[in-house]
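Undergrad: Sequence:
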Amino acid sequence: MVPLFERKALLRKIVDGTAIQFSESFEIDGQDMFKHACKTGLEGVVSKVRDSRYESGRGTGWVKVTCAQRETLAIAGYALGGTKWDGMYIGRRKGNEFLYAGKVDYGFSPADRKELQRKLKPLIRKTQPYTKRIARRGIWVEPELMAEIEYRAKSAEGKLYPFFKGLRQD
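Letter by letter, the sequence shown follows residues 1 to 170 in the UniProt record's numbering.
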């Protein structure tokens with residue numbers, strides 16, 4: 001079996017001069033690389049043992065570490081799948097506008113879902129609170145409650161892999 005650093009050298013020769021982009025590797029302190037990746041908005045890093053042998057499937061020679069970013073965002077509504085909780089819509093204020101920031105599907109315990117529905121019930125409104133309507137069905141609320149949301153990256157549609165971390169208590 002050929003070690004990683006030799007495989008990468010061979011691969012570089014094969015893809016050199018083609019339209020394929022070679023993914024660079026860096027032999028630096030892992031913590032420094034991780035901090036830099038998070039600071040520049042990357043999803044994270046994959047660390048590999050330099051002289052590791054190739055293993056098909058998941059092995060112990062590679063470790064993926066993802067960056068987590070946090071933001072406090074207003075709750076705009078929630079979705080139900082039948083009668084069951086199916087996530088929460090979030091938004092952010094930008095000037096005079098209230099903009100869609102994504103749908104949070106993960107991080108809710110059964111107690112969280114119950115508490116959120118109890119706190120959101122008196123805030124229910126008939127229309128979406130967003131300045132620009134989105135093509136989603138939901139139970140819309142006045143965007144008064146703020147939630148701590150952790151996510152890995154941003155996309156044009158909103159947050160990638162958002163997790164509910166709790167209501168802001170102020």
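Source of the hints: derived by calculation from the structure; they are not laboratory data. Any given hint might turn out to be false.
Said to hold, decoys possible - Capping the alpha-carbon separation at 27 Å, the derived lysine-lysine pairs in DSS-like fashion look like this: (1) Lys35 <-> Lys13; (2) Lys126 <-> Lys84; (3) Lys165 <-> Lys94; (4) Lys13 <-> Lys39; (5) Lys35 <-> Lys121; (6) Lys119 <-> Lys165; (7) Lys35 <-> Lys84; (8) Lys35 <-> Lys64.
Undergrad: Determine for every hint whether it applies to the structure shown.
TA: Each hint tested on the structure:
no.	hint	result
1	Lys35 <-> Lys13	violated, 30 Å
2	Lys126 <-> Lys84	holds, 20 Å
3	Lys165 <-> Lys94	holds, 23 Å
4	Lys13 <-> Lys39	violated, 32 Å
5	Lys35 <-> Lys121	violated, 41 Å
6	Lys119 <-> Lys165	holds, 16 Å
7	Lys35 <-> Lys84	violated, 39 Å
8	Lys35 <-> Lys64	holds, 14 Å
Hints 1, 4, 5 and 7 from the list above are not met by this structure, while the remaining hints are.
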